[in-house]
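K.L.:
Residue numbers (numbering that gives the first Met the number 0), protein chains in the order written: chain A, 0 to 486; chain B, 0 to 121; chain C, 0 to 176; chain D, 0 to 83.
Keep in mind that the hints were calculated from the coordinates and are not lab data.
Backbone N, C-alpha and C fix where the C-beta goes; we use that ideal spot for every residue, glycine too.
It is possible that some hints are incorrect.
What the hints assert, rightly or not - Cβ pair distances, simulated, as ranges:
| id | chain 1 | residue 1 | chain 2 | residue 2 | range |
| --- | --- | --- | --- | --- | --- |
| 1 | B | Arg120 | A | Pro224 | 23 to 29 Å |
| 2 | B | Glu118 | A | Ile410 | 39 to 45 Å |
| 3 | B | Lys102 | C | Arg73 | 35 to 41 Å |
| 4 | C | Thr157 | D | Phe7 | 38 to 44 Å |
| 5 | C | Val7 | D | Ile41 | 31 to 37 Å |
Said to hold, decoys possible - Computed list of lysine-lysine pairs in DSSO-like fashion (alpha-carbon distance at most 30 Å, straight line):
| id | chain 1 | residue 1 | chain 2 | residue 2 |
| --- | --- | --- | --- | --- |
| 6 | B | Lys102 | A | Lys99 |
| 7 | D | Lys75 | D | Lys38 |
| 8 | A | Lys407 | A | Lys298 |
| 9 | A | Lys193 | B | Lys7 |
| 10 | A | Lys298 | B | Lys28 |
| 11 | A | Lys298 | B | Lys110 |
| 12 | B | Lys7 | A | Lys354 |
| 13 | A | Lys354 | A | Lys94 |
| 14 | A | Lys99 | A | Lys364 |
| 15 | A | Lys193 | A | Lys407 |
| 16 | A | Lys94 | A | Lys104 |
| 17 | A | Lys277 | A | Lys203 |
| 18 | B | Lys102 | A | Lys95 |
| 19 | A | Lys99 | B | Lys101 |
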Amino acid sequence: MIVYIVLIPLLSSLLTPILGLINRKTGFFVTLINAILTFTIIIYSTRKVYIYGPERYFFGGFEPPYGIEYVLDGLNSVIILIIAFIYLLSVLYSKKSLEKEIEQKRISLFYCIMNLYFTGILGIAITGDIFNLYVFIEIASLSAYTLIAMGLKRESLMASYNYLIIGTIGATFVLIGIGYIFMATGSLNMADLKLRLPSLYHSKMVRTGFTFLTLGLMLKLALFPLHIWLPNAYTYSPSTISALLAGTGTKVSAYALIRILYSVFTIDFDVNIIPFSKIFIFLSLIAIVMGSLLALAQKNLKKMLAYSSIGQIGYITLGISLANESALQGSIIHIFNHSLMKTALFFIAGGFFYKQGIENIQDLKGIARKMPLTMSLFIIAGLSLVGVPFTAGFISKWYIVIGAVESKYYIVIPVILLSSILSLVYIWRVLEISYFGESNGNEHKEELPVPLFFPAMISSVLCIFFGIYTELPVELSKRAIEILWGY
Amino acid sequence: MFDFIVSKYNYWISIVLMMIGLYGMIAKKNLVKKIIGMNIFQVSVFLFYISMGKIKGGTAPIYWEKAVIYDNPIPHVLILTAIVVSISTTAVALAIIILIYKKFGTIEEDKILELMEKENRR
Amino acid sequence: MVDLLLLVLLVIFALYAVYETDLLSSVVILSAFSLIMTIVWTRLNAVDVAFTEASVGAGVSTIIFLSALSRTKRREEITRNGKKLNIYNFLASLIVIFTGSVLIYGTFDMPDFGDFDAPVNNAIAPRYIYGSMAELGIKNFVTSILAAYRGYDTLGETTVIFTAGVAVVILLRRRDL
Amino acid sequence: MFEIAILFLIFSSFLVLYRAIRGPTIFDRVLVINFIGTKAVIILALIGFAYGRPHFLDIALLYALINFVATIAFLKYRTTGKLG
Numbered sequence: 000m001i002v003y004i005v006l007i008p009l010l011s012s013l014l015t016p017i018l019g020l021i022n023r024k025t026g027f028f029v030t031l032i033n034a035i036l037t038f039t040i041i042i043y044s045t046r047k048v049y050i051y052g053p054e055r056y057f058f059g060g061f062e063p064p065y066g067i068e069y070v071l072d073g074l075n076s077v078i079i080l081i082i083a084f085i086y087l088l089s090v091l092y093s094k095k096s097l098e099k100e101i102e103q104k105r106i107s108l109f110y111c112i113m114n115l116y117f118t119g120i121l122g123i124a125i126t127g128d129i130f131n132l133y134v135f136i137e138i139a140s141l142s143a144y145t146l147i148a149m150g151l152k153r154e155s156l157m158a159s160y161n162y163l164i165i166g167t168i169g170a171t172f173v174l175i176g177i178g179y180i181f182m183a184t185g186s187l188n189m190a191d192l193k194l195r196l197p198s199l200y201h202s203k204m205v206r207t208g209f210t211f212l213t214l215g216l217m218l219k220l221a222l223f224p225l226h227i228w229l230p231n232a233y234t235y236s237p238s239t240i241s242a243l244l245a246g247t248g249t250k251v252s253a254y255a256l257i258r259i260l261y262s263v264f265t266i267d268f269d270v271n272i273i274p275f276s277k278i279f280i281f282l283s284l285i286a287i288v289m290g291s292l293l294a295l296a297q298k299n300l301k302k303m304l305a306y307s308s309i310g311q312i313g314y315i316t317l318g319i320s321l322a323n324e325s326a327l328q329g330s331i332i333h334i335f336n337h338s339l340m341k342t343a344l345f346f347i348a349g350g351f352f353y354k355q356g357i358e359n360i361q362d363l364k365g366i367a368r369k370m371p372l373t374m375s376l377f378i379i380a381g382l383s384l385v386g387v388p389f390t391a392g393f394i395s396k397w398y399i400v401i402g403a404v405e406s407k408y409y410i411v412i413p414v415i416l417l418s419s420i421l422s423l424v425y426i427w428r429v430l431e432i433s434y435f436g437e438s439n440g441n442e443h444k445e446e447l448p449v450p451l452f453f454p455a456m457i458s459s460v461l462c463i464f465f466g467i468y469t470e471l472p473v474e475l476s477k478r479a480i481e482i483l484w485g486y
Numbered sequence: 000m001f002d003f004i005v006s007k008y009n010y011w012i013s014i015v016l017m018m019i020g021l022y023g024m025i026a027k028k029n030l031v032k033k034i035i036g037m038n039i040f041q042v043s044v045f046l047f048y049i050s051m052g053k054i055k056g057g058t059a060p061i062y063w064e065k066a067v068i069y070d071n072p073i074p075h076v077l078i079l080t081a082i083v084v085s086i087s088t089t090a091v092a093l094a095i096i097i098l099i100y101k102k103f104g105t106i107e108e109d110k111i112l113e114l115m116e117k118e119n120r121r
Numbered sequence: 000m001v002d003l004l005l006l007v008l009l010v011i012f013a014l015y016a017v018y019e020t021d022l023l024s025s026v027v028i029l030s031a032f033s034l035i036m037t038i039v040w041t042r043l044n045a046v047d048v049a050f051t052e053a054s055v056g057a058g059v060s061t062i063i064f065l066s067a068l069s070r071t072k073r074r075e076e077i078t079r080n081g082k083k084l085n086i087y088n089f090l091a092s093l094i095v096i097f098t099g100s101v102l103i104y105g106t107f108d109m110p111d112f113g114d115f116d117a118p119v120n121n122a123i124a125p126r127y128i129y130g131s132m133a134e135l136g137i138k139n140f141v142t143s144i145l146a147a148y149r150g151y152d153t154l155g156e157t158t159v160i161f162t163a164g165v166a167v168v169i170l171l172r173r174r175d176l
Numbered sequence: 000m001f002e003i004a005i006l007f008l009i010f011s012s013f014l015v016l017y018r019a020i021r022g023p024t025i026f027d028r029v030l031v032i033n034f035i036g037t038k039a040v041i042i043l044a045l046i047g048f049a050y051g052r053p054h055f056l057d058i059a060l061l062y063a064l065i066n067f068v069a070t071i072a073f074l075k076y077r078t079t080g081k082l083g
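Isolated chain A, as found in the complex (with noise of 0.2 Å):
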C-alpha cells in the first residue's frame, strides 16, 4: 500500500499535462484528486503502523542492503501525515488565488510542477535509502525553485536563483557526506548503516561524512547564519506557495536531519563523541532570538513572516540538538504545528493581497473593520505562533523547555520567554494597524471568498483544537520518539 503514496503524486504530475492539453481546468481537479487520494492512503497507512507497526516495502523485491526500500515507522508518518494535510489545504486554496498570479495558459505546467514537489518531499520522507534521500532532494529542490521563479514580481528570479545557488551547495555537500560514510561502510541503506557504523564512530572519515551531511541539511533547513535564500523565496513567490513551502520545504528537512542524527547514527554519537549537540544548541538559540528581531524590523508582511519561520526553525533544531526525549517530543510536535500555523499565516498574508493588493504592513490600516472575520483567523494563528496557554504553539514549547530543564541548559528557558516576548510584539503590530489605524475610504466588509478563507479557516482552527485536545501529536511522536530510542 505504501508504495501508492509516491506513485500516485508521480501519476498525476504526468497527468497534468497532458490532461491540460484538452481543457486548462482540468489541472486543478487532477491534483485534488490526487492530493484527496494520497491523503486517505496516509491516513489508513498510518493508522496502520499505529496498529501493528513499521511497514517497509522492498523495490522490485531485492531485499534491502542490495535494493532500495521504503520504511513506514513512526517517526515519518508525522511526518507525511502532515505534509499532506497542508498539500490539500494549499490545493484548495491555490484554485482562486493563482488566478491572479499566474497566466492562466501556464496554469496546468504549473500544477504539474506542484505534483512534482509533493512527489519530492514524500520520496525524500519515506525512502530508508541515503542515496535514494538525495534523489528525491533534487527533485524537490528543483521544483521549488522553479515554483518560486513564477512569482508575479521580477524579484522572485533573483530569489529562485539565490535558493537555487545554496540549495545545490547544500545538495552537493549532502552527495559529499553520503560519499564519505559510503566510503566507510560499503552501504547505503539507512537500517543497515545503523548495524555497521557504531564500530566506525572514531574514524575521521565517518566524522568528515556526518559534517557534511549536517551541514547540507542545515542549509536547506535554514538554520541561522545559512538562512540567506530563505526571506525573500517566501515573499516574492505566488502566495500559495509561499503557504506550501513555509509548511513543508524546511520541515522535510528537518525530518531528514532528525532521521540522519538518530537513526542512521545513535545519540550516543551526537552527544558524547562529537560536540554535535553543544554547537548547536548555540546556534539554535542565536537563531530564535535573530528570526525574531529581524522579523521585527520588516516592512512587508510577508517578509516578516519569513523572518519569524526562521526564529521556529531555531526551536525545532533547538529540540533536535538538546537530545533528549521531550525535547526531540517538542521539536516534532512543533513541525506539526508551525507547519499548521505558519500556512495559515501566509493564507491570510495571500487574502489580504488578493482582495487589497496589500503587501506592506503600513498598508493594512483599518484593515480589521472591512475583514473581521479574517482578522480573527490572524489573530488566532498568531497567538499560537507567540505560544499562548491553549493554542498548540504553547504545546510544542512546553516540550522543549522540559527538555531542556532535564538536560540542565537553564538558559534556554530565558530566550524561549524573550524570543516569545518578540514575537508577541510583531504580531501585535499587525494587529494594532489593523483595527486602530485610520483607513481612508469606504469600510463595508468584504470577506474573503470561500476558497481562500476556508483552508485559512481549517488550518488556523486545528492551531487552538490541537492546543486544547493534545492527545493527537503527543501520541504520535511519543510513537516517533519509540522508534528513534528503539524500544
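Following the hints, complete the assembly by docking chains B, C and D onto the known chain A.
P.N.:
Okay, now just chains B, C and D, sitting in the frame of chain A:
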C-alpha cells in the same frame, strides 16, 4: 610519507577541484560564471566517487572470461544518476538566468542588487 | 604517471574556466574539462559513466550553455569597487579553504586508493558482482544494478529530467500550452 | 607500448594548452577543443587496447560524434549569434 601521498593523491586532487568550483560558485559575481563553478564542483565530486570504486588490477565491471578482479560497480551506478541530476540543475539555472536577463537587462549580481534596492526605495 | 598528468590538466582547466572573463571561452574550457574527465574515468574503468559524461557533460551541457549565452551576454563585467570586493573575495576563499581542509582531514584514515580490502568493495558489492549474472542474466553489472537493484533511483533520475524539462518549458515558452 | 603512446598524446595536449589560455580569438580555443577531442578519441581507443578490452572503442566512437556536434554549435553561435 611518500607512500601516504601516493596512496591519497587522487582524492586530494578531486578535493582541490571541488574547492575551485566552490570558490567560483561563491565568489564570482556573474550569474553564468556561478553555474560554471557549480558544474566543476559537481563533476569533481563525481570524480571522488569513481576513485573510490577503483581496485588495483581490477577490470571494468562487465562480465569477461579472463577477468580475475572487477572494479566496484556501485559508485558508477550512483554517479550515472548524479550526472543526470547535475545537468538538470544546470538547465533550470540557465533558464532562470535567461529570464533574469530579460527582466533586468544584466547578469551581474551587484547591478541586479542595485536595481532591486532602487525599486524598494521608491 | 598518465593519471597524474591528466589530473594536473584537469586542475589547470578548472582554474582557467573560473578565472577567464570571456564567458564563451570559459564554456569552451569547461567542455575541455569534461573531455579530460571522460578520459580519467575510462582510466578508472568506469566505462558507462564515461559514456554518459561524453554525451551529457561535454555535449549537451556545452550546447545548453551556448544557447543560454546566445540569449544573454558574452562577457563578464568586472566592477572594481576597491576594498569591498577584496573583503568579499577574501571571505569566500576563507570558507573554501576551511571546507577543503575539513575534507582533506577526512581522507587521512581512508583506505588507500585501489585497496582491495576497503569496506566499499566488501560490504554489498560482491553480491552484485558474483550474484547478479545468475540472478538477472545481464553481462554488464552496472546495467543490472541500475535497472533492477537500484531501479527506483533510476525512476527518480527520470523524474528529475522530467521536472527540469517542464521547468524550462514553463519558464521560457511564450506560446500557449 | 600503449602506455607510452598515451603519454605522448597527453603531452601533445599540454602543448596546445598555451593556445587555449592565450588564444587571442575564440577560434583558437575552439580549435584547441577540437584538437583535445581528437586526441581523446585516440587515447580512449588506446586505453581499450592497453586493458585488453576493445569494447572501449564504443566510447571513442560516441566521443567523435559529440565532439563534432559541439564544434558545429560553437561556430553557429559565433556566426549567427543564435542557436536554433
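K.L.:
If a hint holds in the structure, say so; if it doesn't, say that too.
P.N.:
How the hints compare with the structure:
no., hint, in the structure
1, Arg120/B <-> Pro224/A: 23 to 29 Å, "27 Å, holds"
2, Glu118/B <-> Ile410/A: 39 to 45 Å, "42 Å, holds"
3, Lys102/B <-> Arg73/C: 35 to 41 Å, "19 Å, violated"
4, Thr157/C <-> Phe7/D: 38 to 44 Å, "42 Å, holds"
5, Val7/C <-> Ile41/D: 31 to 37 Å, "20 Å, violated"
6, Lys102/B <-> Lys99/A, "20 Å, holds"
7, Lys75/D <-> Lys38/D, "23 Å, holds"
8, Lys407/A <-> Lys298/A, "38 Å, violated"
9, Lys193/A <-> Lys7/B, "28 Å, holds"
10, Lys298/A <-> Lys28/B, "28 Å, holds"
11, Lys298/A <-> Lys110/B, "23 Å, holds"
12, Lys7/B <-> Lys354/A, "63 Å, violated"
13, Lys354/A <-> Lys94/A, "15 Å, holds"
14, Lys99/A <-> Lys364/A, "23 Å, holds"
15, Lys193/A <-> Lys407/A, "29 Å, holds"
16, Lys94/A <-> Lys104/A, "14 Å, holds"
17, Lys277/A <-> Lys203/A, "20 Å, holds"
18, Lys102/B <-> Lys95/A, "27 Å, holds"
19, Lys99/A <-> Lys101/B, "22 Å, holds"
Of the numbered hints stated above, those contradicted by the structure are hints 3, 5, 8 and 12, listed in ascending order.
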